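*Asks:* With the working numbering, letter number 380 in the sequence shown gets 380, and the count goes up by one each step, no holes.
Errors might be hidden in some of the hints.
[What the hints assert, rightly or not] Cβ-Cβ distance ranges computed for the label pairs, FRET-style: (1) Asp274 <-> Gly376: 21 to 27 Å; (2) Asn511 <-> Glu483: 25 to 31 Å; (3) Ser587 <-> Glu270: 21 to 27 Å.
The set of hints was computed from the structure by calculation and includes no laboratory data. Fair warning: this is a prediction, and the values are worked out from it, not measured in the lab. Think of the CB as a built atom: it goes at the ideal place given N, C-alpha and C, for glycine as much as any other residue.
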Amino acid sequence: MSDEKTPEEQPSADQTDSPEPPTAAWDGTPQPSDTTEPEHTAPEDPFGAAPTSADDDTPMFTPDPTAPASPVVEESGSKNIWLYVGIAAAVVLIALAALSWATGRAKGVDDAALQAIPADAPVVISIDLAEVVDGGRFERLFNTVAAQMPIDTEGPRTWEELLAEVDNEDGVSLKSDVLPWLGRSSAIAFFPQDGGNSVEFVTVVAVRDRDAAKAFVDKTTADRGLTATTVDAGLEWSDGTAVFLLTDDLLMFSETQTRIDAAVAALDGESMADASKYKDVVAELPNSRFFTAYVDTDAMAALALESLGDNLRDQGLGVLPGGIDPSILDGLSGLARNGDLGALAFGATLFDNGLAFDFAANGFSSLPMLGDGLPGVSSLPDGTLAYAAMTLNGKSILDQVNQQLGGASIPGLGFDPSSELVAGVTLEDLLLSIDGPLQLLITGDASLIGMAAGFDMAGALSVGLAETGPINTILDFAVSSEEFGFGVFEEDGLYNFGGGTFAASFGVVDNAFVAGTSRDLVDSLSRGEAVGDSSEMFSEVKKLIDSDNVFLFADLALIAKLADDADFTSFAEIATAVGGSVTQTDSSISGRFVLLLDY
Numbered sequence: 001m002s003d004e005k006t007p008e009e010q011p012s013a014d015q016t017d018s019p020e021p022p023t024a025a026w027d028g029t030p031q032p033s034d035t036t037e038p039e040h041t042a043p044e045d046p047f048g049a050a051p052t053s054a055d056d057d058t059p060m061f062t063p064d065p066t067a068p069a070s071p072v073v074e075e076s077g078s079k080n081i082w083l084y085v086g087i088a089a090a091v092v093l094i095a096l097a098a099l100s101w102a103t104g105r106a107k108g109v110d111d112a113a114l115q116a117i118p119a120d121a122p123v124v125i126s127i128d129l130a131e132v133v134d135g136g137r138f139e140r141l142f143n144t145v146a147a148q149m150p151i152d153t154e155g156p157r158t159w160e161e162l163l164a165e166v167d168n169e170d171g172v173s174l175k176s177d178v179l180p181w182l183g184r185s186s187a188i189a190f191f192p193q194d195g196g197n198s199v200e201f202v203t204v205v206a207v208r209d210r211d212a213a214k215a216f217v218d219k220t221t222a223d224r225g226l227t228a229t230t231v232d233a234g235l236e237w238s239d240g241t242a243v244f245l246l247t248d249d250l251l252m253f254s255e256t257q258t259r260i261d262a263a264v265a266a267l268d269g270e271s272m273a274d275a276s277k278y279k280d281v282v283a284e285l286p287n288s289r290f291f292t293a294y295v296d297t298d299a300m301a302a303l304a305l306e307s308l309g310d311n312l313r314d315q316g317l318g319v320l321p322g323g324i325d326p327s328i329l330d331g332l333s334g335l336a337r338n339g340d341l342g343a344l345a346f347g348a349t350l351f352d353n354g355l356a357f358d359f360a361a362n363g364f365s366s367l368p369m370l371g372d373g374l375p376g377v378s379s380l381p382d383g384t385l386a387y388a389a390m391t392l393n394g395k396s397i398l399d400q401v402n403q404q405l406g407g408a409s410i411p412g413l414g415f416d417p418s419s420e421l422v423a424g425v426t427l428e429d430l431l432l433s434i435d436g437p438l439q440l441l442i443t444g445d446a447s448l449i450g451m452a453a454g455f456d457m458a459g460a461l462s463v464g465l466a467e468t469g470p471i472n473t474i475l476d477f478a479v480s481s482e483e484f485g486f487g488v489f490e491e492d493g494l495y496n497f498g499g500g501t502f503a504a505s506f507g508v509v510d511n512a513f514v515a516g517t518s519r520d521l522v523d524s525l526s527r528g529e530a531v532g533d534s535s536e537m538f539s540e541v542k543k544l545i546d547s548d549n550v551f552l553f554a555d556l557a558l559i560a561k562l563a564d565d566a567d568f569t570s571f572a573e574i575a576t577a578v579g580g581s582v583t584q585t586d587s588s589i590s591g592r593f594v595l596l597l598d599y
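Let the hints inform the model, and build the full structure from the sequences given.
*Replies:* Structure below.
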């Protein structure tokens, strides 16, 4: 999904009411201060950086005066993943507690660290610090969530308490030892070994101040007696179980020299930032994301097949069911490794009013139960609890059933698509007539269904049709029968029953079968817009999400009132609504899940 589909972010109350803190630019070392100390409503800059205009596009940061904890991990056994699972995955994540951004979002995701990630890495995770803490959103979200925690829950209740709790442990201060050199871009790549029984990794972090980064590594490796050695690529610290390499603008870490050498080679050769498979799938994610995860589907499928074959051999199984030699899995593994399954990518973006999770998958054929042509829904009725839509093709469903059953009926159930349902219409006829959007709408209104359920609930259903004959035959039979047709009257092309709470409407409208507990709800689905007042919560979610193929919506705040559950109610006070969408082409699938937040 492109950024054109991402709404402009509105300034939060925190941003408009609080004075702008002084900031220090990413590039270069922190500058001397020529400003007065800010009020306590904004974090103090221990480096004394000069203030920057809010119109400046350069990403800025301010370390909090309270130093967070060192991510040093105590050594245990012959190998410890000291100091992190790489500086990106552990150091960087904890460092977020000490960063507060003063200006607007940077232009796109910084991929500097990916320049040293080998192009053949099967799994890569990267974090853009500028996007993570842009506008103080994480600080506000933490304070809001912490305030909702039960009174007996241990742990910090404010951002400041969090910083104080993790301040300067184990002799390394993020404020003085890490933040002066820590760059915006970070990445960690994982390389499964031995059929997935072990994993090697390499971590790469962008460096703003090389001298400060060297001082950090010197300090954290001093207990091992390591000193920097000059190599072609820069400075290296190594003792056989851990290797640091510092170039002019990158710091790398791994437990093996092989991975460091491969990272250096990627700088001069093809890196993940150059790999077409990576670029193609990540291009489907928004540029405003702070988190990116990438999976090479071919490599991971090959690993799974290889691991399965190894496990079967370890268990002494000479043959697979059907007399198949397990060695065939090795051949399939090789085919998968050189195949064209494509790749998966995931991203996360935090907005002023929500959190979005995006995914993209290339190299996949269309899913049989997802097609094209979902109707546009501009609004939903006020009081909507949930809405779901997807495109449905009955022929694809029937083909899948026939493929799985080989044309036979389900044993013991007597299932046969060619058997008659009613009035000469077979299940096969009915399925073949379905082709279009399936929509389900649930509201909190009173209805006959709600009375049976024990709480207020109403709803409507719509199913797109390629052929209206089969369903009309069934409806005509039903309404003309004494058992089902009593009290049914026809109005404006729909069959209606009763009125008020006991109402129901159903029929065929514009090549779709529709049914609901009220005529207004049925008309809302048919028209794609609310009859009467509309749901404001749905409108807010729709601003954050693209609804081309599958769209999901739930008003958690309204559902919480019906659920009458204290924990869910507390959750819904922050996470007020959710939405989701999936879009597909002939060879790719992408989507977004949105959590609307009040924080």
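*Asks:* All the hints need checking, so say for each whether the structure fits it.
*Replies:* Outcome of the hint check:
Separation of Asp274 from Gly376 is about 39 Å and departs from the stated range, judged on CB atoms against 21 to 27 Å. At roughly 28 Å, the beta-carbon separation of Asn511 and Glu483 lies within the given 25 to 31 Å, and the hint holds. Remark: the range hint 21 to 27 Å for Ser587 to Glu270 is upheld by a beta-carbon distance near 23 Å.
Going down the numbered hints, you'll see the structure goes against just number 1.
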